[in-house]
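Peer 1: Residue-level listing of the chains:
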Amino acid sequence: MPHYEPWSEARAREVINEFAHLEGPLMPMLHGIQETFGHVPEEVVPMLAETLNQSRAEIHGVITFYHDFRHEPAGRHVLKLCRAEACQAAGGDALAAHAEDRLGCKLGETTADGRVTVEPIYCLGLCATAPSAMLDGRIVARLTERRLEALITEAQS
Amino acid sequence: MTVRLFIPKDACAIACGADEVVAAIEAAARKTGTAIEIVRTGSRGMLWLEPLVEVETADGRIGYGPVTEDDVYGLVAAGLFQGGAHELRIGKPEEHPFMAKQTRLTFARCGIIDPASYTDYCRLGGYKGLERALQLGPAEIIEEVKKSGLRGRGGAGFPTAIKWKTVADAKDDRKYIVCNADEGDSGTFADRMIMEGDPFQLIEGMTIAGLAVGATKGFVYTRSEYPHAIAAMAKAIEVARQHGMLGVNIAGSQHSFDMEVRMGAGAYVCGEETALLDSLEGGRGTVRAKPPLPAHKGLFQKPTVINNVLSLVAVPHILADGAQKYADFGMGRSRGTMPVQIAGNVRYGGLFETAFGIPLGELINDIGGGTASGRPVKAAQVGGPLGAYVPTWDFDLPFDYEEFAKRDALIGHGGIVVFDDTADLAKMARFAMEFCSVESCGKCTPCRIGSTRGVELMDRIMRGERREANLAVLTDLCHTMKLGSLCALGGFTPYPVMSALKHFPEDFGAAPRTLEAAE
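These protein sequence lines are chains A and B, in that order.
The first sequence begins at 1 in this note's numbering and counts up one residue at a time.
The second sequence begins at 1 in this note's numbering and counts up one residue at a time.
Simulated from the structure, these hints should not be mistaken for laboratory data.
One thing to keep in mind: the hints can contain errors.
To be verified - Pairs of lysine to aspartate or glutamate, EDC-like flavour, derived with a Cα cap of 16 Å:
{"id": "1", "chain 1": "B", "residue 1": "K217", "chain 2": "A", "residue 2": "E23"}
{"id": "2", "chain 1": "B", "residue 1": "K427", "chain 2": "A", "residue 2": "D93"}
{"id": "3", "chain 1": "B", "residue 1": "K302", "chain 2": "A", "residue 2": "E23"}
Stated by the list, open to error - Some, not all, of what chain A presents toward chain B, calculated at C-beta under 7 Å:
{"id": "4", "residue": "G24"}
{"id": "5", "residue": "M27"}
{"id": "6", "residue": "G61"}
{"id": "7", "residue": "V62"}
{"id": "8", "residue": "H67"}
{"id": "9", "residue": "A84"}
{"id": "10", "residue": "E85"}
{"id": "11", "residue": "A86"}
{"id": "12", "residue": "A89"}
{"id": "13", "residue": "A90"}
{"id": "14", "residue": "C123"}
{"id": "15", "residue": "L126"}
{"id": "16", "residue": "C127"}
{"id": "17", "residue": "A128"}
{"id": "18", "residue": "I139"}
{"id": "19", "residue": "A141"}
The C-beta atom is built at its ideal place from N, Cα and C for all residues, glycine as well.
Please model the complete structure; the sequences and the hints are all you need to start from.
Peer 2: Next up, the structure:
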């Protein structure tokens, strides 16, 4: 399970400064912030705007454009199921339905107890050994209902 | 004597349990008192055999696969460390029919070498291309690439040398080399495999591009879904710097070139080159109208070469072995080799590098072995989410840019996704529209609004609401999207939709095609 730090403006400043020397630093900064805090807190928007001499609206526009950036923390575990064509061809639809059924929430949602966020992902590049999934950054191919069940049990523990 | 084993750390192998197999083999070696060394390689590309364990013997490497951690005890007992007999033994991997039928140029080293080893890379011909490029100079490098007939492997098939010449002729204080490694198409994994299995080759290709056009800085833009590729690239860049192959005075010359890996954030449209540039600059991944071309005003408004991974990794071979040798492969205007990726519901899925011209059906039925489910093949989507669904009666199509275009299909990045007869092509057409609506950058109307209307239309058609009228509107909408969109996302989404409708009207509730109509 990933461990994230509680919000701290000083820590956010540190992360921002770490990437300030790069050409086109905003994306690396946002990834750095999310890796540190688990999401991109609203508080960093004015900090980034000031550092990069852009408007808050511009920074907000970038954050909201990308699927990866979270606006609030995810559940304790994140289970991503590949929903792209190759995984669909190999039985991915039934697995996604099974996961939704077992977790009691739809793809893109978090379970009521906050333990598991289940999300669609569009291609992990494991298309010859489909279907695939990712649990907290760990990739799993040749997914079957039995293997998915093991991942769900692990995520719920 | 120490036994050397080779086990991939390619993401696909890891996802199939390679790390667990490594741990089990290490434990078994300790137990039996055998001294072993495990080299983590890339993947050979026979992905149905992953994890593929290879052991070095006096007779060459012997492979076993697919190995699970539960197999390890039995394998070791059967004499794995000596290359002993076992039902998982496949013999020499390079003699396996799947490998023996290929023409491996860009993937020649992949699965054989330790991707982080500069010595391994140089021992198998690495940096020979750069050596010759340094002797030739910019104009002759471009001439060599031109003679090879190399065309962009990202999908558009644009001649690489023309791009390079435009950037070389542009006058500016800074120029950039950008590698498009934003491999978002389902069914494609060649970029990922080469970055994980032979990353120095991409570094060498980008360095040669830098020399050719006078750029000193390069970026590899890849996907957040590819953490293993990012780590492998970053490691190789660090090693290349240590060996003086990146930075100032590369390979002892007067030239400088350095590079960085950058990560996207889950936006499919960033695989479009101008959206990629905007993202790299730190903006929303919005498509730019052309002109100006990236070759004139690209990254930070500076002249920029932007090429796909597979185009750039072909360059060291062209320089090392000469343009003619590369051009001798292929057919028509499609020269050289294409790493074809066979995926989806297929028995022998993997990466098959071959000269252009091989028929699609041979790739799917003979090499891929048909479906994994054992059911009949219904269709294959070639070229990613924006590629057409090709029905079995078109499987005679040779793998060639122009031949595919003639039948309203495209090669794209060389990915083939196989579907069996349980696939509902109307559902896949709806998915194509839905994917476009989610991933649209929003800049142009046909893509942004057209795709949303497309999903609504598909829902009505699938519910059987005024089917004929709605199918006519869908066809009209696809026409508008195809001609009116700014980039390939909106412009090519009609390919999967219209090909599904044309070949499988019965899935849309219309009358099936008659045999005559299929001709």
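Peer 1: If a hint holds in the structure, say so; if it does not, say that too.
Peer 2: Hint check results:
For the proposed pair K217 (chain B) and E23 (chain A), the alpha carbon gap of about 11 Å is at most 16 Å, so the pair holds. The straight-line distance between the Cα atoms of K427 (chain B) and D93 (chain A) is roughly 11 Å, inside the 16 Å bound, and the hint therefore holds. Distance check on the hinted pair: K302 (chain B) and E23 (chain A) sit about 13 Å apart at the alpha-carbon level, within 16 Å; holds. Hint on G24 (chain A) holds. Least Cβ distance to chain B is approximately 5 Å, under the 7 Å limit.
Hint status for M27 (chain A): holds, given a least beta-carbon distance of 6 Å to chain B, under 7 Å. Nearest Cβ of chain B to the Cβ of G61 (chain A): about 6 Å, under the 7 Å cut. The hint holds. Interface restraint check for V62 (chain A): the shortest CB-CB distance to chain B comes to about 6 Å, inside 7 Å, so the restraint holds. Here the hint on H67 (chain A) is kept, as its CB sits about 4 Å from the closest CB of chain B, short of 7 Å.
For the restraint placing A84 (chain A) at the interface with chain B, the shortest Cβ-Cβ distance is roughly 3 Å, inside the 7 Å limit, so the hint holds. At about 4 Å, the closest approach between the beta carbon of E85 (chain A) and any beta carbon in chain B falls short of 7 Å, and the interface hint on this residue holds. Proximity of A86 (chain A) to chain B holds as hinted, the smallest CB-CB distance being about 4 Å (cut-off 7 Å). Among the interface hints, the one on A89 (chain A) holds; its C-beta lies about 4 Å from the nearest C-beta in chain B, closer than the 7 Å criterion.
A hinted interface residue such as A90 (chain A) counts as satisfied when its beta carbon comes closer than 7 Å to some beta carbon of chain B; here the least separation is about 5 Å, so the hint holds. The closest approach between the C-beta of C123 (chain A) and any C-beta of chain B is roughly 5 Å, which is under the 7 Å cut-off, so the hint is satisfied. For L126 (chain A), the suggested interface contact is upheld, since its CB lies about 5 Å from the closest CB of chain B, less than 7 Å. The beta carbon of C127 (chain A) is positioned within 7 Å of a beta carbon in chain B (closest approach about 4 Å), and the interface hint is therefore held.
Interface restraint check for A128 (chain A): the shortest CB-CB distance to chain B comes to about 3 Å, inside 7 Å, so the restraint holds. Satisfaction of the interface hint for I139 (chain A) is found here, the shortest Cβ-Cβ separation to chain B being roughly 4 Å, below the 7 Å cut-off. Because the smallest distance between the Cβ of A141 (chain A) and any Cβ of chain B comes to about 4 Å, under 7 Å, the interface hint for this residue holds.
Hint compliance for this structure: every hint is met.
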